[in-house]
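Using the hints, build the complex out of the two chains.
So you can see what is in the structure, the chains are spelled out below.
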Amino acid sequence: MQNRARTIAIEELRERIQHLEGGSVRTREALPFGVDEIDRHLPGGGLALGALHEVAGGGNGALDGAAAALFTAGIAARTTGKVFWCVTRQDLFMPGIVQAGLSNNRVVMVECRDEKGVLDCFEESLRCRGVGAVIGELARLPMTASRRLQLAAETSGVLGIAIRRWRRHADVSDFGHPTAAVTRWRISVLPSQPLPVPGIGRARWYLELLRCRAAESADYVVEACDAKGRLGLPADLANRSPSKDPWATSAAG
Amino acid sequence: MIAREGSRRLVVAANAAALAAGLRIGMPASKAQALVAELIIEELRPEEDRKELDRLALWFLRNYAPIVAADPPDGIVIDTTGADHLHGNETLMLTGMINRLFAMGFTARAAIADSWGAAHALARFSAKPTLVVPEGAAAQAMLDLPIAVLRLEDRTVAALRTLGFDRVSELAATPRAPLALRFGPEIGRRLDQALGRVAEPIDPIRAAEAIEARRAFAEPISATETIARYVRMLVVRLCGALEEQGIGVRRLDLILHRVDNTLQVIRAGTAKPVRDVERLTKLLCDRIDTIDPGFGIEIMVLSAAHCEPLEAVQTISSLIEEPEAEIGGLIDVIANRGHRVYRVAAVESDVPERSLAAVSALADDDELGWPVEWPRPSRLLLHPEPIQCMALLPDHPPVSFTWRGSRHAVKRADGPERVFGEWWKRDKELGAIRDYFVVENEAGERFWIFRQGDGEHADSGSGSWFLQGIFG
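The listed protein sequences correspond, in order, to chains G and P.
If you read the first sequence in my numbering, its first letter stands for residue 427, the second for the next number, and so on.
If you read the second sequence in my numbering, its first letter stands for residue 642, the second for the next number, and so on.
It is possible that part of the hints are untrue.
To be verified - Beta-carbon label-pair distances, calculated as ranges:
hint	chain 1	residue 1	chain 2	residue 2	range
1	G	L659	P	W1015	48 to 56 Å
2	G	Q619	P	S1041	42 to 50 Å
3	P	G935	G	G471	52 to 60 Å
4	P	G805	G	R515	49 to 57 Å
5	P	T1043	G	E441	45 to 53 Å
To be verified - Some chain P residues well away from chain G (every beta-carbon gap over 10 Å; in silico):
hint	residue
6	D725
7	E939
8	V982
9	G1085
What the hints assert, rightly or not - Stretch-level coverage of chain P by chain G, calculated; a stretch enters the list once three of its residues show a Cβ under 8 Å from a Cβ in chain G:
hint	stretch
10	679 to 691
11	834 to 845
12	970 to 981
13	991 to 1004
14	1053 to 1059
If you are wondering where the hints come from, they were derived from the structure by calculation, not from laboratory data.
Just so you know, even glycine gets a beta-carbon here, dropped at the ideal spot from N, CA and C.
Pulled out of the complex, with its shape left as it was, chain P reads as follows (with noise of 0.2 Å):
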C-alpha cells in the first residue's frame, strides 16, 4: 500500500486485501488510515519503481523476446513478434509469463494485440488476465472502451468526458479538426497509434552486459544469400568474444534496422549453452525467410541475450565406450522451427493420464519407469469415450459394448485393476475408484475400458463405463 504527496496525500496504490477492507485509489490517507485500523503506508519511490522496471524488462529480454521496453509507470512493452514459436504459442507464452510472474511476487495482466496502443489497453482493461486478439481484430476490440485507455493526460480525458465522449468507437466518429484545435494534436496521434493506422517504434531496452556484435552496411543489403552470409560474419565474431569469457549462449537475437528506420528480429534459442558458429549460423539462417527486408537492411546486430558458462568438456577417449551421439543440434533446430520436443518421464500416479510429464528432451534419464507387470495400452485416447455396456456386477468384464456406434462382443477379458482416486490432490475423489479391464472382441482388438465405481458402492462413482485406450 503505497501513498504520495501531491498537497495532499493519497492512496495511489494498494494490494487485493486493502481493497477488500474499502480502500479506494485516490482516497486521501488520512481517511484510509481512519478504515483500516493497522494500515501499513509505504511511500511511493518513483525512481526505485523505474529502476524496479527496467530490471523486469531485462528479465523479460533474456527470456522472452529480442524488443522489450519498460512502460512506465507499470507496464513494459514487448514485440513478440518472430519469438513466440520458443513457448509454443502465443497464448501459452502469455499464460506462462504470467505463471512464473505470479511466482516472482507479481501480480500481471497481458495482451497481444496488432499495436502498442491496443496490447496498453486491453492488458489494462480487458476482463481476463491474459488475452490473445487476433490478427487485425484489435481496433474493433478497442472500439467499445472507455476513452481513459488512450494514454492521454488527466485533464484532457476528463474535458473530453465533460464534452460527453465516453467511448473510444465515439471519438474515432467525431471530425478530427475541432479536437485538435481544442485539445492540440495529441488525441488524433494517440487514437490513430491505438487503432494501428500510424506506427509507434519500440526502444528498446539493452542489457549493458550483453556481447554484441555489429555491422553497418554503405548500401543497404536484402538478399537472403547475402544476409546469410554476414550473419555467419557476425556469428563468428560473436562467438571469439564468448570464448573470451567462457560462455555460451542460450537465447540469440538478429536484430535487422531497415531503412525505413523498423527493426525486423529473428531470436534463436538452444536447450543447453552453445559456442559453435555452424550450428548458431545454422539456427539464424533456417529463419531468414521469416523476415522482410523491405527496401534494405542498413544495420544488423547479433546480441547473445542470454548466455550461460560453458566449460569445455572432454569426450571420451577410451576404447569400448562409444561417445553419445550429439543430438542438441538437431533439437535445436526442430525447436526453433516452431515444434515442440519433448520427452517423457514417469509420475508417480496410479492415474494413467497423470502418470506421465513432459521433460526437456535432454534431461536427466527417468529412472523411476512404469510397472512392466500391468499391460498398458499404446494409444490412449484424450479423454475417455463413454461406451454402453452389458456387464454382471460387480466384478465382471462386460459381455459386449458399443463404441462410435459399433458393436463389439467380449471374447476373452482380463481384470480387475483397481485404480483409486487421489484424494491428496482433490477432495472429490476421495472415495472414487476406477476397475479397469482389458477386454478383446472376436477379431482380436484389444481395449483399454473402465468402469467408474466399484459397481456396489455408489459413493466410489456412477457405475458407466469408459474406453481409454487401444492395444496394438
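The shape of chain G in the complex, shown without the other chains (with noise of 0.2 Å):
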C-alpha cells in the first residue's frame, strides 16, 4: 500500500517537473528496437524520438565507424521519411549500408568541408519536419553544439543520432566528455556467429548503453542489422542469461 502511495506520488512530481521544463507536454514517442531486451530497459521502451543520440565503435571501430554507421543505418531504416546524412569523409559505402535494410532512395548525402558544416546542416536538417532522421558524423561534440542540437531535435519531434568516429586513437578519449545527448552507445564488433561449415555468419555486436537519461546503462550481444534494419538475439544466448563471467563477452580489441 505505501509502495503504491509512493509510486503515485512521484508519478506526479514527475509531471510537475515536466511542466516547469517547459514546452513539450506531449508524451515523446520512442522509436522500439524489436528486441525485448532493450526496449524494456529504455524509458518509452525504445530509442527517444526528436532527441540526441550518439553512437561510437569501440577499438578499431572508433575509427571507421563502420559498425556503428550500420547501426545508425539500421535505425533510420525503421523511421519514415528521408534521411540525411551529414559526413566530412566520404567513405560511406551505399551498398553496404543499403543491406541494413536503409534504401538509397530515403538517403541524401550531405557533403561537408569540415566539423563546422556538419554541425551546421546536423542543426539545419533537425530542424526540419517531416525528416526520418539526421545523422551526423562528428569527431568533436561540444557541450554547447549538442545542446543546441537536442533543442532542435525537441522542437522537431527528429531523430538525431551523431556517429562519433576520430581521426587517431588518441582522440577516442573525447568520448568521455559529457554531452546533451539522451543516449550514448558503443558498438564493438564480435566474432560472427559460427557456421558447421567454413565460412562467415551473421555479424554479432557487443552494444553498449554507456549513458542513457532515466536508465541504467546496460549491454548487450547482438545479431547484427538484417535486411530490414532489425537486431536480434543469438539463438545461443536467447534462451538463457549470458554467462556471469564478465571477461566472456567483454569488447573487442
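What follows is the structure, encoded as C-alpha cells:
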C-alpha cells in the first residue's frame, strides 16, 4: 500500500517537473528496437524520437565507424521520411548501407568541408519537420553544440544520431566528455555466428549503452542488422542469461 | 577558318586541323590556299560574332554568376565572387564550365584571378586550359608573362618591343613618367589594372526579359536587419511578377550597388523552380553576412536570372496517402551554404568503386539497386590499400595479412567473388580480374580484401593483395 502511494507521488512530481521544464508536455514517442531485452530497459520502450543520440565504435571501430554506421542505418531504416547523412569523409559505401535496410533512395548525403559545416547542416536538418532521421559524423561534439542539436530535435520531433568517429586513437578519450545527448552507445564487433561449414555467419555486436537519461547503463550481445534494419538476439543466448563471467563477452580490441 | 580583308586578305583564325596543316594566324589568305588545296574560307563578320558573344554571356549569366559581360573580340569576363559555392568550388566550376562549352562546340580557356586584367592575361597565356590563381598571387603570376597580355594596342606593343621591353616585370620596374610621355597614360593604366592596383568595374549584361525588382534608397543603408527587411519586400514584389507569368525561379541574384560605385552580389540557386516568398527570403538572408556594405547601399536590385515554368500542383487529399514531406527548401538552404548535397544511385558495374554515382538530391528514385545476396562493406576506402598476405594459391583466402602495420590472423573467410575488368571501358582491363574475399580476424573485425589476378595467369593481374572495405 505504502509502495503504491509512493509511486503515485513520484508520478505526480514527474509531471510537475515536466511542466516546469516547459514546452513539450506531449509524451515523447519512441522507436522500439524490436528486441525485448533492450526495449524493456529503455524509458518509453525504445529510442526516443525528437532527441539526440550518440553512437561510436569500439576498438578500431572508433576510427572507421563501420559498425556504428550500420547500427545507425538500421535505426534510420525503421523511421519514415528522408534521412540526411552529414559527413566530411566520403567513405560511406551505399551498397553496404542498403543491406542494413536503409534504401539509397531515402538517404540524402550532405558533404561538408569541415566539422563546423557538419554541425551547421545537422542542426538545420534537425529543424525540418518531416525528415525521418538526421545523422552526422563528428569527431568533436562540445556541450554547447550538442545542446543546440538536442533543442532542435526536441522542437521538430526528428531523430538525431551523432556518429562519433575520430582520426587517431589518442582522440577517442573525447567520448568520455559529457554532452546533451539522451543516450550514448558503443558498438564493438564480436566474432560472427559460428557456422557448421567454413564461412562467415551473421555478424555479432557487443552493444554497450554507456549513458541513458532516466535509465541505467547496460550491455547486450546482439546479431547485426538484418535486411530490414532489425537487430536480433543470438539463438544460443536467447533462451538463457549470458554467462556470468564478465570476461566472456568483453569488447573486442 | 576565317579570313578578313584589310587591304590584304589575312588568316585571322584557324581551327586545330588547319594549324596542323601549317597555317598560321596572320598569313596571307592566298598563301594559305596554296598550302591546303581544299581550304574552307569564311569571311569574318565582327557584328555577328559580337551578337553571338552576347548570347553566350547570357548563358553564363543564367548558369554561373550574376555579373557577366562580353569581353570582345573573343572573351567573356565573369565576376565569380559569391557564385562558386553553387558549383562546389572554383576549380570544379571552371572545369565544369570548360567541359560544357566543349560539348557546345567551343574550345575555351579560363582563369580565375584577383583582377580582370590578370584573369584576362592568364586565361590566354597560361599553359593550362583552366587556372585558379590563389588570392593575392595574381600580380606575381603576371610578372613573367610577355607584354602582349596587357590589352594594349598592337602598335604600342610593337613599339615597346623595339625599346627592348619583353616581359611585364620589366615594364613594371620602369619609371612611369618617360613611358607616359611617349605613349600616353594607357600603359600605366593597363599595368595597374592587371596588377590589381586600380579597380576595373565590369558593366554587367542584363537579360532583356529578366524579371527584376528594384529599390533605390534616399539614404544609403548598411545594417543587416535593414537589408533583410528590404530583401523581403523585394522578394514579395518579385514573386508577384513571377506568379503572373506562371514561372518559378532557379537562380536568383541580389545585386547591391554601394555608394562607392561597386557591386556586391548574392546568388541563390534552387534545385527546382520556386516562387515561395519565405523560402527565397531565407535563402538570400542566410548569406547576408557574406556581403560587405562598405559606406552604405544605394540601390538594391533583385533579379530572377534563370526561371522555369512552375505550375500549381494539387496536393494529395486522400485519407490514407501521407504527403511526402517537403525537403526541397532544406536542400536549397544547405546547398547555398556551399555544402554538397546529393543522393547515391546504382550504376551497372561489378567493380565496387564504379557501381555508384551521385545524383541530384531531388532526382527520381533509383530502380536499379545493388545485388543484395553479396555482402558489401559499410565503409569503402577511397583507394584500395596494399596489404602483405600469406595465402595458398590459386583460390584460398589468406591465412594472415598485415595492414597499416598491424598483423591480423584470419579466423574465418568467405570467397572468392570474382570481378572481371571492364574491357569496354579501357583496353588495359581486357584480362584483368579481382578476386574478393571477406575475412574475419580473431577479434571479429571483418574486412573486404581482394587479389589482383586469378592467381594462375600473370596477364590477369600481378597477384598482389589490397584491402578495400570494412564491414561493421
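Distal placement of V982(P) relative to chain G, Cβ over 10 Å = At roughly 5 Å from the nearest Cβ of chain G, V982(P) sits no farther out than 10 Å, so the non-interface label is violated.
request  = With respect to the beta-carbon atoms only, verify the hint that T1043(P) and E441(G) lie 45 to 53 Å apart.
outcome  = At roughly 60 Å between Cβ atoms, E441(G) and T1043(P) fall outside 45 to 53 Å, so the hint is violated.
query = Just checking, D725(P) versus chain G, shortest CB gap more than 10 Å?
reply = holds (13 Å)
query = Counting residues of the stretch 991 to 1004 of chain P that have a beta-carbon nearer than 8 Å to any beta-carbon of chain G, does the count reach 3?
reply = Per the Cβ count (5), the hint holds.
ask   = Do at least three Cβ atoms from the stretch 1053 to 1059 of chain P come closer than 8 Å to Cβ atoms of chain G?
value = holds (count 3)
request  = Just tell me: holds or violated, for the beta carbon distance of G805(P) and R515(G) against 49 to 57 Å?
outcome  = Since G805(P) and R515(G) have Cβ atoms about 55 Å apart, the given range 49 to 57 Å holds.
key: Coverage of the stretch 834 to 845 of chain P by chain G, judged on three or more residues with CB within 8 Å   = violated (count 0)
message = If you count the residues of the stretch 970 to 981 of chain P with a beta-carbon closer than 8 Å to a beta-carbon of chain G, do you get 3 or more?
response = holds (count 9)
request  = May I ask you to test the hint 48 to 56 Å on the CB atoms belonging to L659(G) and W1015(P)?
outcome  = violated (26 Å)
ask   = G935(P) and G471(G), beta-carbon distance inside 52 to 60 Å?
value = holds (59 Å)
ask   = Taking 10 Å as the cut and beta carbons as the points, is G1085(P) off the interface with chain G?
value = Given a closest Cβ separation of 4 Å, the condition is violated.
task = For Q619(G) and S1041(P), compare the CB-CB distance with the range 42 to 50 Å and indicate the outcome.
result = violated (23 Å)
In the structure shown, a violation is registered for the earlier hints numbered 1, 2, 5, 8, 9, 10, 11, in ascending order.
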